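Protein chains: 2
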Amino acid sequence: MERTELINLIKRKKSLLCVGLDSDITKLPACVMTAEDPIFEFNRAIIDATLPFAVAYKPNLAFYESNGVKGMMSLQKTMAYLSDKRAECFTIADAKRGDIGNTSEQYAKAFLSNEGDFDFDAMTIAPYMGEDSVKPFTIYPNKWVILLALTSNKGAADFQFIEGTNGQRLFESVIIKAQQWATESNLMFVCGATQATMFKDIRRIAPKHFLLVPGVGAQGGSLEAVCDNGLTEDYGLLINSSRGIIFADKSADFAKVAADKAAEMNAQTSKYFK
Amino acid sequence: MERTELINLIKRKKSLLCVGLDSDITKLPACVMTAEDPIFEFNRAIIDATLPFAVAYKPNLAFYESNGVKGMMSLQKTMAYLSDKRAECFTIADAKRGDIGNTSEQYAKAFLSNEGDFDFDAMTIAPYMGEDSVKPFTIYPNKWVILLALTSNKGAADFQFIEGTNGQRLFESVIIKAQQWATESNLMFVCGATQATMFKDIRRIAPKHFLLVPGVGAQGGSLEAVCDNGLTEDYGLLINSSRGIIFADKSADFAKVAADKAAEMNAQTSKYFK
Chain A
1 MERTELINLI
11 KRKKSLLCVG
21 LDSDITKLPA
31 CVMTAEDPIF
41 EFNRAIIDAT
51 LPFAVAYKPN
61 LAFYESNGVK
71 GMMSLQKTMA
81 YLSDKRAECF
91 TIADAKRGDI
101 GNTSEQYAKA
111 FLSNEGDFDF
121 DAMTIAPYMG
131 EDSVKPFTIY
141 PNKWVILLAL
151 TSNKGAADFQ
161 FIEGTNGQRL
171 FESVIIKAQQ
181 WATESNLMFV
191 CGATQATMFK
201 DIRRIAPKHF
211 LLVPGVGAQG
221 GSLEAVCDNG
231 LTEDYGLLIN
241 SSRGIIFADK
251 SADFAKVAAD
261 KAAEMNAQTS
271 KYFK
Chain B
275 MERTELINLI
285 KRKKSLLCVG
295 LDSDITKLPA
305 CVMTAEDPIF
315 EFNRAIIDAT
325 LPFAVAYKPN
335 LAFYESNGVK
345 GMMSLQKTMA
355 YLSDKRAECF
365 TIADAKRGDI
375 GNTSEQYAKA
385 FLSNEGDFDF
395 DAMTIAPYMG
405 EDSVKPFTIY
415 PNKWVILLAL
425 TSNKGAADFQ
435 FIEGTNGQRL
445 FESVIIKAQQ
455 WATESNLMFV
465 CGATQATMFK
475 DIRRIAPKHF
485 LLVPGVGAQG
495 GSLEAVCDNG
505 LTEDYGLLIN
515 SSRGIIFADK
525 SADFAKVAAD
535 KAAEMNAQTS
545 KYFK
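Those protein sequences? They're chains A and B, same order as listed. Going by our numbering, the first residue of the first sequence is number 1, and it counts up by one from there. Going by our numbering, the first residue of the second sequence is number 275, and it counts up by one from there.
Keep in mind that a hint or two might mislead.
Stated by the list, open to error - Pairs of lysine-lysine residues, derived as PhoX-like cross-links and limited to a Cα-Cα distance of at most 20 Å, are as follows:
| # | chain 1 | residue 1 | chain 2 | residue 2 |
| --- | --- | --- | --- | --- |
| 1 | B | K482 | B | K285 |
| 2 | A | K77 | B | K482 |
| 3 | B | K451 | A | K154 |
Hints in this document: simulated from the structure, not taken from any laboratory. Small disclaimer: the values here were computed from a predicted structure and weren't measured.
With the sequences and hints as input, model every part of the structure.
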């Protein structure tokens, strides 16, 4: 999906919402567990119910890989189901991959190629291995790299805030250097919402890039603080909620409740849409 | 596999060799391409031929994921094939995963649990997200985390050498901090062989940990320099070669040639075994 298409999608839906499909098989509602493929059945219901409210869907690969081959089939079916909804939503493989060049090429092929089983619009990438580990993800037309910069977890403090002798903290070095590898039309950054006060610092060095913001909801970040500090004239934010939406209810009404939660998130950001 | 078992395996085989199963389907010998599952067929032949010479096998997940669901089936079959050879080799999922705690738990379950499809002895992990992204991989008994420290690629220079105001370079901070999260009995570090001169610095801060060393062969690292600077009294090194062994020959003799190449690597390190 092109940047302008994404911006138009946000405007049309008046939504910044990305629904995280962290479809943990041990947490699914009982009513889907009799289906042949409970994870797919769950995802399909969540997608059908939330599509009017969500700009993006983000399956978290770990929750599929943890079910082995069967889990990857659930992911494949989910992406096939989303394939005729390509104009209505942006899709993100939350994969956090990254390896030497010839290997990153294979990961890019796995998740971004339109000839493979998945064909996502974007995928999350870890920056530790530097330029040649990131570049192979940038070569697919209209596909995006979403690079980890400032994550929403406690461990973010272990390395991401290390201040280099150049005065930059590690997450700032990542944001600055990565702009040599890709543009605001195919590069986003992951910036955790629990660090909302940092968004001002990030906008100073990445004024136009989209930010994918996890950590709202279950992880405790404030939606308003994120918007006040992170929004740009092109919106520039995709705000993720996973557990807070998809597991809000475990009854047979789970999908309807998920849609209500998604609508609530949009209501909280409605003031930012004129 | 326990640390003492691993050390004994190294002594018994007089080998430090890890064979990287980067089984790129576009590079397989023609003779396996008629098999129902060419990647598995290739891996099986490579394993049969090299098992006397190799201490470890390291399937690189990217080369399986790039074939979608089918590729994950090839990986599952490969690990099932290795399951009755558990005492004869150490297995590493080269996955370079890492995410917030509840997600890393799922990746750990995917690749380290003996109830899943794969049941590896170890997996490679990216350190960027810190402690809670690494810890879930340390809870499986006799299973190992192999944390990226100093990688073998050019992009390693982008962030890993950033010197913090505490005087430590980033890869040194990773090695020092991670020792609070796990012990030398379940934690190794990835240290690239193209950086052999760095091994002395690494041994100063990690004198006993095993190091997984990629970058020998196709990537140009020197085996002798690695051993001279990296060996400990418990050996403490697993030296990986992927393309240099598995793709050394494309004829019907490919597996025999792979075994010869593996034996050659062992010959180069034989002087280190009394």
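Here is how each hint holds up against the structure:
no.: 1; hint: K482/B to K285/B; verdict: holds (17 Å)
no.: 2; hint: K77/A to K482/B; verdict: violated (46 Å)
no.: 3; hint: K451/B to K154/A; verdict: holds (14 Å)
When held up to the earlier numbered hints, the structure conflicts with hint 2 and nothing else.
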